[in-house]
Amino acid sequence: MAEETGGEDAAFRAKVRDWIAANFPPALRGCDPLLYQGDAVAAAGDANFQLWRERMADIGWGVPTWPRRYGGAGLEEAQGRIILQELAAASAFNPIRSYGTMMLGPTLLEYGSEEQKLEHLPPIARHERRWCQGFSEPGAGSDLASLQMRCTDMGDHWLVSGQKIWTSGADQADWCFALVRTDTTSKHGGISFLLIDMKSPGVEARPIVLISGSTHFCEVFFNDVQVPKGNLVGAINQGWGIAKRLLQFERDSLSVGRGAVPSLAPLARDYVGVDEQGRIADPDLRARLIRNGMRVTAFGQTLKRLATEAKAGNGPNSGVSAVKNLWSDIMQERAELLVEMMGANGLGWSGEAFSDEERAATRAWLHSKAYSIYGGSYEVQANIVAKRVLGLPDHR
Amino acid sequence: MVVLSEEQVMLRDMAAEWARERMPVTAYRKLFTGAFPLGHDPAAWADMAAMGWAGIVVPEELGGVDFGYRSLGLVLEELGKSLAASPLISSALIVATALRLAGTAEQQARWLPGIADGSVIGALALDEGPRHAPLATALTARQRGDGWQLDGLKRPVPDGMAASLFVVVARTSGGPGDGDGLTLFLVEPDAVGLARTSLDQVDARSPALLTLAGVALAGDAVLGPVGGAGVLLDRILDCGRAGIAAEMLGTASQAFETVLDYLKTRVQFGQLIGSFQALQHRAGAMFGELQLLRSAVEAALAALDVGDAEAPQLVSLAKAMAGDTLHRISNEMIQLHGGIGMTHEHDAGLYLKRARVADQSYGNAAFHRERWGRLNGF
Numbered sequence: 000m001a002e003e004t005g006g007e008d009a010a011f012r013a014k015v016r017d018w019i020a021a022n023f024p025p026a027l028r029g030c031d032p033l034l035y036q037g038d039a040v041a042a043a044g045d046a047n048f049q050l051w052r053e054r055m056a057d058i059g060w061g062v063p064t065w066p067r068r069y070g071g072a073g074l075e076e077a078q079g080r081i082i083l084q085e086l087a088a089a090s091a092f093n094p095i096r097s098y099g100t101m102m103l104g105p106t107l108l109e110y111g112s113e114e115q116k117l118e119h120l121p122p123i124a125r126h127e128r129r130w131c132q133g134f135s136e137p138g139a140g141s142d143l144a145s146l147q148m149r150c151t152d153m154g155d156h157w158l159v160s161g162q163k164i165w166t167s168g169a170d171q172a173d174w175c176f177a178l179v180r181t182d183t184t185s186k187h188g189g190i191s192f193l194l195i196d197m198k199s200p201g202v203e204a205r206p207i208v209l210i211s212g213s214t215h216f217c218e219v220f221f222n223d224v225q226v227p228k229g230n231l232v233g234a235i236n237q238g239w240g241i242a243k244r245l246l247q248f249e250r251d252s253l254s255v256g257r258g259a260v261p262s263l264a265p266l267a268r269d270y271v272g273v274d275e276q277g278r279i280a281d282p283d284l285r286a287r288l289i290r291n292g293m294r295v296t297a298f299g300q301t302l303k304r305l306a307t308e309a310k311a312g313n314g315p316n317s318g319v320s321a322v323k324n325l326w327s328d329i330m331q332e333r334a335e336l337l338v339e340m341m342g343a344n345g346l347g348w349s350g351e352a353f354s355d356e357e358r359a360a361t362r363a364w365l366h367s368k369a370y371s372i373y374g375g376s377y378e379v380q381a382n383i384v385a386k387r388v389l390g391l392p393d394h395r
Numbered sequence: 000m001v002v003l004s005e006e007q008v009m010l011r012d013m014a015a016e017w018a019r020e021r022m023p024v025t026a027y028r029k030l031f032t033g034a035f036p037l038g039h040d041p042a043a044w045a046d047m048a049a050m051g052w053a054g055i056v057v058p059e060e061l062g063g064v065d066f067g068y069r070s071l072g073l074v075l076e077e078l079g080k081s082l083a084a085s086p087l088i089s090s091a092l093i094v095a096t097a098l099r100l101a102g103t104a105e106q107q108a109r110w111l112p113g114i115a116d117g118s119v120i121g122a123l124a125l126d127e128g129p130r131h132a133p134l135a136t137a138l139t140a141r142q143r144g145d146g147w148q149l150d151g152l153k154r155p156v157p158d159g160m161a162a163s164l165f166v167v168v169a170r171t172s173g174g175p176g177d178g179d180g181l182t183l184f185l186v187e188p189d190a191v192g193l194a195r196t197s198l199d200q201v202d203a204r205s206p207a208l209l210t211l212a213g214v215a216l217a218g219d220a221v222l223g224p225v226g227g228a229g230v231l232l233d234r235i236l237d238c239g240r241a242g243i244a245a246e247m248l249g250t251a252s253q254a255f256e257t258v259l260d261y262l263k264t265r266v267q268f269g270q271l272i273g274s275f276q277a278l279q280h281r282a283g284a285m286f287g288e289l290q291l292l293r294s295a296v297e298a299a300l301a302a303l304d305v306g307d308a309e310a311p312q313l314v315s316l317a318k319a320m321a322g323d324t325l326h327r328i329s330n331e332m333i334q335l336h337g338g339i340g341m342t343h344e345h346d347a348g349l350y351l352k353r354a355r356v357a358d359q360s361y362g363n364a365a366f367h368r369e370r371w372g373r374l375n376g377f
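These protein sequence lines map, in sequence, to chains A and B.
Note that the first sequence covers residues 0 to 395 in numbering that gives the first Met the number 0.
Note that the second sequence covers residues 0 to 377 in numbering that gives the first Met the number 0.
Don't read these hints as lab results, they were simulated from the structure.
Since the structure is predicted, the reported quantities are computational estimates derived from the model, not experimental observations.
A few of these clues could be false.
Quick look at which bits of chain B chain A covers, simulated, 3 or more residues with Cβ under 8 Å [as the list claims (entries may be wrong)]:
no., region
1, 24-37
2, 193-203
3, 288-302
4, 350-357
With a Cα cut of at most 16 Å, we get these calculated EDC-like pairs of lysine to aspartate or glutamate [said to hold, decoys possible]:
no., chain 1, residue 1, chain 2, residue 2
5, A, Lys-243, A, Asp-142
6, B, Lys-29, B, Asp-199
7, A, Lys-228, A, Asp-155
8, A, Lys-386, B, Asp-260
9, B, Lys-263, A, Asp-393
10, A, Lys-198, A, Asp-170
11, A, Lys-368, A, Glu-378
12, A, Lys-198, A, Asp-173
13, A, Lys-386, B, Glu-256
Just so you know, even glycine gets a beta-carbon here, dropped at the ideal spot from N, CA and C.
Pulled out of the complex, with its shape left as it was, chain B reads as follows:
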């Protein structure tokens, strides 16, 4: 386990303070009024970009600060506490990583400075059905002269309504289920034949449904190898998975703190309900699970930073535990608040809704338990 550097402690404290003042849960609540059809508050995103967060994993020569995944994870954890909505994971983490790992010098110079300063918002268009299954990709890319033609559908695409650059996962050979034949493409939203509509999901983050009908791309739209992007995609996804696990750690930690506050203030039967042993032991069990989750998340992010060969299983461990633990704590958050927890006015429901969407993102707990099991000989 790596101890935080002084700069990382400063970054975390800055993120905590900013999230507390600028992005409390009341800010997230505004998404449910339809005030932000892009799925986030653009003014808040501009603030985040101004603080350099969009460039945390972007190299310095391309406008970033090259500060590593653990550092970005610290910011995401703080933002997760108050459910702050932003395209940080989609753009600054996933698409930035894709370009960094696979982009040509021209592609990196074209896009990474904009991603680092927040003026470009990237989004990964991968899933096509109700379940995360990268190899099930069916959207086709056919060679047309020097270029390509893309046809198919993507849903849900997180931050897809806000995106100014898509990384589209397409099939250049084989069929759904095949390990080979996947290729990544850089696609701009004004491409002819591309349409996006907003999906009204429970967490109000408005991912997109993307349709691509005869979208024509130049040859230089290919990102990385043609037909062999499966391994690359896994590496990119693992960065996103560790990042959202960090966000979920923050969300679970705050949900737990909110429950604890309630146990210490709510009086029934002439007692603070937190004095009841049955509830104390449930709180103690949640505290224990949070300990395991924190360890798993920190280990996964650290593994990505040093290029540990075991990063895939460490990431799956973190994402699976994040899914399971947040599932449990978000359910307990409702139950332990009783009737008030069922109201939209209370925050518990917001945590529950965001918890389920985060679990489904980039592979739910079951997906990652299976992946961990395969990687470890089960």
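If we strip away everything but chain A, and leave its shape as in the complex, we get:
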């Protein structure tokens, strides 16, 4: 795919390639970056990861398009894409990638004060400060704007009380960006966007055990937590607009920019066997594998096409919701097919009797059920597509 024609881009690509070759620790080649992204203990205990993180932080390529004064490299979007492509080509990864770079950072760049940017963006750009997202509450899931966590103006500080849930990595997070209620008389117009230090007295995060065995999500309790006045982002009661923009960034990062998805054909041949014509021996499973494989391919083509089209526009748009639903639909089906082809071995939970691959497939299948729930459920995304993309009318 010839994306650039100018010699300038080719020269930059060569520079990036050389730098990665010289600086990426070979021991990390092919490692799952989500492990480090999701587990602060694993990340802290891995000297190679720390070395790689520091080198990427020093050159600013974890957030290449952010301005230099905030820890970025001040590069163009196209150059940022080249860095991602070269990382993938070298079986490397971006060690800086986090909720901070994907969600809060872009939001602060648009809405934050200069003081907030200078305080929070550089540690995000170095992945030295972990963030969690305090949005959902027990009574506010898909209907997020019904959130109730109270934030009261005490003159010299804010006083926060309430509960958040489904907060990814809250037990390991240093800070939380939260939606809080500053006015009870207006649903959408009574929400503010607040930055809370997780070490503040009164904050408690408890992990939740999921069907996949994961303890990644937490419930977080805020009991009369005092927060400095300067931690409110944007104006008071204007948090919903900021949150909507942040959710666009989140959807964008959830579905767009994923690497190539491996074909299931080789594994299927191993597990199911082939007939005398060399086809996967189970014709029913084979037909469904083919259908899903085609959709995976067309989805990859769609990401490329939308990225090309987006070069002309600016930032994420509402079409992202349609892409997210395609992605969750296609990848959930793929996870089901992987488990199905492994048969009884695809339902192993632990122990040496199952291969690493088999146990991972079981967990991945269970985890995939969340694809259509997090980041705005399938149904909420479908509502967004209907209203904002297709212009269908509201119900009266």
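Once you have looked at the hints, place chain B on chain A.
Frame of chain A; chain B shown alone:
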């Protein structure tokens, strides 16, 4: 994904404007009155040829503009929106490609200028039974001195009633099912022993049933290699498949737009029916499928233009998705319009009929899923 050039944007806009003004669905509707027994409106075809569309993949020195498959796909997509009937795929895409890939200098000089200016209409005579299966070809070609004798039957032959040049796929050795032994022949419709009759299909495009009984051809009627045309035929067909997938993308997109308009205007239970969540989510799902289809079609056409070795699987992906998506949206078009969608007066039925014929053409969705699966190790 390749960004459109300025010329391609102009070509697409010109095609869109012309199709809107000259070939709205009402023009297609006339085919159902029997007004155009050739399967298209000759005056409209003359317009299209005058705009250069018949020569888009023909080399410049032979009267074309050598503008590539993606460019022709843009025109086909626009024409597909209003179901505009023309021999563009048969002649300007498939037969032009056959001559370009396999023709001798004499054959190209004899036929390509006419194809490029629209005065010659080419048609591929391949299928013989109800299913697209190139290797099942049974029509025989036997050597007779320096020449050949063809015997057999072809159906359906798209644009066969209008054709002034057939590319006939014949078997020079082996039997039905064999990969080897296929040969292409250039056959003119006035050849002794050739007869054609019109097939009355649901989409009123009137393909032909061709019978060849002792049709004698000179040795120079052979197009490409004798007995080894299977790979060549696949390459030719892939161009046609990508082209009709582009047309189907246009048809599906317009069917969807028509549905959306109806959801925004039809009132029941005191509401615009487009405000009902059940219908909104169905519309959203169709929108998503259209995104995948557009990507697959553009990737297939681009692959043909650069000679990508993966073009066969990319084309099968596009044609299969076009078949599945248009099938779904054309069905939804009827259902979401309710009773009015069942009437001949409404356009929904025309989209449904054309959708099924387009799916069957050059391999339906199942054919191309199987082909994609084989090419990808399934």
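We went through each hint and held it up to the structure:
Chain A is given as covering the region 24-37 of chain B, and this is violated because 0 residues of the stretch bring a CB closer than 8 Å to a CB of that chain, at least three being needed. Residues of the region 193-203 of chain B lying with their CB closer than 8 Å to a CB of chain A number 0, which falls below the three-residue condition for coverage. Counting residues of the region 288-302 of chain B whose beta-carbon sits less than 8 Å from any beta-carbon of chain A gives 8, enough to reach three: the coverage restraint holds. Remark: the region 350-357 of chain B is not confirmed as covered by chain A, as 0 of its residues place a Cβ nearer than 8 Å to a Cβ of that chain, below the required three.
Between A/Lys-243 and A/Asp-142, the direct Cα distance comes to roughly 13 Å. Compliance with the 16 Å bound is thereby established for this hinted pair. Restraint check: the Cα-Cα separation between B/Lys-29 and B/Asp-199 comes to about 15 Å, which is no more than 16 Å; the hinted pair holds. Note on A/Lys-228 and A/Asp-155: the hinted pairing holds, with a Cα-Cα distance of about 7 Å set against a maximum of 16 Å. Of the pairs offered as hints, the one joining A/Lys-386 and B/Asp-260 holds, with about 14 Å between alpha carbons and a cut-off of 16 Å not exceeded.
For a cut-off of 16 Å, the pair hint linking B/Lys-263 to A/Asp-393 stands: about 10 Å separates their Cα positions. Only pairs whose Cα atoms come within 16 Å are accepted, and A/Lys-198 paired with A/Asp-170 is accepted, the gap being roughly 11 Å. With a C-alpha separation of about 14 Å, the suggested pairing of A/Lys-368 with A/Glu-378 holds against the 16 Å cut-off. Pair hint A/Lys-198 plus A/Asp-173 holds up; C-alpha atoms about 7 Å apart against a cutoff of 16 Å.
Using a Cα cut-off of 16 Å, the hinted pair A/Lys-386 and B/Glu-256 holds, with the two alpha carbons roughly 15 Å apart.
Checked against the numbered hints given earlier, the structure breaks hints 1, 2 and 4 and satisfies all the rest.
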